[in-house]
Amino acid sequence: MNLKQSFIIAVIISVISITSWELFWRSQGKYPTLNDDKSLWAMHRADVETASKDDYIILGSSRAYFDIQVKAFEKATGKKPIQLSSTGSSPLPSFHDIVENTNFNGTIIMGVTPGLFFSTTFPEASPWKRIQMKVDYFQKRTYAQRINYALSIPLQQNLVFMSADEEEWADDIDLKALLKQIQIVKRTQVPTMPPFYNFGDVDIDRNMSMTHRTAIDTAFANTVIKVWRFYGGITPPPDKKTTITFFMKDLDKFKARGGNLILVRFPSSGGVRAGENKAFPRAEFWDDLVKQTNLKSYHFEDYESLKNLKCPEESHLSAADAQYFTSEILTIMKADGALTNYKTN
Amino acid sequence: MLFNSLSFVVFLVVVLSLYYAPILNWTSKKRMLLFSSYVFYGLWNPPLVILLWISTVVDWITGEKLAIEENEHKRKLWLLLSMFVNMGFLFFFKYGDFLLENFTLFMNAVGVDFQSKPMGIILPMGISFYTFQTMSYTIDMYLKRTERAKTFLDFALYVTFFPQLVAGPIVRAGDLIGQFYEEKRATINQFIWGLFLFTMGLFQKVVLADSLLAKTADDVFGAGKSLFPLDAWTGTLAFSGQIFFDFAGYSTCAIGIALMLGMVLPDNFRYPYASLGFSDLWKRWHISLSSWLKDYLYIPLGGNRKGIARMYVALMLTMLLGGLWHGAAWTFVVWGGLHGSYLILERLQRQYLPFKITPQNGIFLAFLTFTCVNITWVFFRAREFSTAWNMLKSMLFIDLDGEKILQFFDIIKVLTLITIMFICHWIMRNKSMKEVSEKTSPWVLGTVWAVLFFFITIAQGSGEQFIYFQF
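Chains R and V, in that order, give the protein sequences. The first sequence stops at residue 329 when you use my numbering, and every number in between is there. The second sequence stops at residue 1732 when you use my numbering, and every number in between is there.
Just chain R, with the same shape it has in the complex:
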């Protein structure tokens, strides 16, 4: 058995095939990016353990993730925020984790996306489970998992084919995602979600910015809008009372130890905004939440400089608008004295 020869042949074919695979996907317009996964979230969650009164944490769903830009935030406040927002998630489980499992008493800026904030406290519901899974991962991650992630970062940053995102985007190129694209005849009664393409790039600071294509290509942005419509049609009714009760308990504890929480309603536009206004009337949800919590709160509609921002796919700001929004909202907060730990020169 000439295994040496087999080994050399295997190495040559492997190098050729994997290089071709990489070059093919680059020729299709793909570029290397980090995956927005639980390991990256956990790496930033670990920073909370050593955070001080002067630090900032961003919690919320994808709007708080896309619309707050880390560099712009750092420029405005002198501090890099710890970005712990999570797409499609309620902010309540991550806030609960910070209140219960850390001594953090700095400033938390919490995005309120009504459809997610007021959704539920049921552990198996998607808005809860998605973020709770990240929290649990952080609590239980092993040293081996930490090393694996550290080793995977340079590979993800340099190789296109490392694209197995937890979100399982329709345009991922790992084996599972490629097979998922094969659809024969629909057999089940379960409503099929339209293809959900990745529309944001994340970096090592967990700074999420909308892709250039989403911002300029209306047809592509429409594919994302279709997904929001799909979710709008299958989302169960909100559970305002339970969610606010859960939140208030943690809020009281956080306030008692000197923490500062700020609520922000990030922009939405078009059909998504119309749908939100109908399903979550401002007076009934946002205004009532602000009244009950008595927190510094900022609704984009209340500010001339923010209310006309347009979201390309109706729910998130383009990278350029997000830079503007971040600077502007922080200017407003500073003027309002909301950033209690902000030190002016």
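Derived DSBU-like pairs (lysine-lysine); straight-line CA-CA distance at most 30 Å: (1) R:K233 - R:K275; (2) R:K(-12) - V:K1695; (3) R:K170 - V:K1665; (4) V:K1665 - R:K164; (5) V:K1674 - R:K164; (6) R:K160 - V:K1476.
Computed beta-carbon distance windows for the label pairs: (7) R:Q(-11) - V:P1561: 47 to 55 Å; (8) V:W1314 - R:A30: 23 to 31 Å; (9) R:F106 - V:N1363: 27 to 35 Å; (10) R:L163 - V:M1380: 40 to 48 Å; (11) R:F8 - V:N1286: 48 to 56 Å; (12) V:F1646 - R:R197: 47 to 55 Å; (13) R:L163 - V:K1411: 51 to 59 Å.
Please keep in mind that the hints were generated in silico from the structure rather than gathered at the bench. The C-beta atom is built at its ideal place from N, Cα and C for all residues, glycine as well.
Starting from the structure of chain R, add chain V where the hints point.
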């Protein structure tokens, strides 16, 4: 640490470099392997390495005493000490909550108002494997079937050798400790073949089990409702393939890694889905566990030496406990019970309805065995009996009104893969991969190897844990 992870690749490169660099003598190399094995285990949960140390020290001392002690009473006490420590670990960490839960149910059933909270004890990875391995040494020493380990280092390495530490194969002392006595170096062919086996094992785990089959099995068993028969069968077949590729993949990796170090580990799987009956199955599936159960449970219970009735009782008890070894739940006991029943029925058939196995009826018999195995997997995979009953009602066409939850492509994918797997097992049932590869041209073997590696690379995977780690 998982074989299917980047950290393991780096770990393995470092270990191999130190092992083959001309800087360490054989004793230092063994120390390095032992230290690496503790790192391998400790990177998961460092404090639990202490359990390994305790198990190692207790069984080393017991082995030393049994080697010189002639007093039968004292020998028995030393054996009991080892059993107490190892089984104590197993019961406390693995069965603590299960026992408490059942005790609570029992008390409530007899009218005593007793409430308990789960202890929430973390299950040390691979505890069932290494405790069985160390116990086999002590029992063999007690029965004077093996020599004592020459040094503590050799024994500690036997207990902790990282390729097979957390999911086997469960190796007997006689098969492994002796390999540590003299310096081992893999020949170039052994090393490359080990690397090929490692690639093959990763392909089975990352591509076949995790990427192609796991989701279908998870969707079906997690559906929480009555399913259409085709969906129930597809989910069960998907699990059948998943657990084989997951576990056989691990064993193949373990054997390959050991071979790269010049050590030989025994086969743990021999194309089990082409088994002709259940006795044959247990000579092909998780061979190291089934032979352990045979030698240390079935035979001490009387085996086939004390009459037919006693043999059936021994067989059933062995399989029930074998089921419980896999997990602290009654569903695993039922799984073991079903296998015990199949084995008893097979022996009755051999006694009263014997027939000759030919190539023509052989494949039918293999298919029948595979079908029966799939029925048992339902209990193995289902977390609750309600799920298992729902699945069985659909699979046996008692419930035809269940929901369709799988898409056509998923069904085609699973059925195609499982059919190919079954045919491969049938073709290979009397052959070995080594034999076949020896007859294959280097170009074909090299191309196949590259294809396996390419699929591993594009599947990537998220470092899913091997199913058998939890046992």
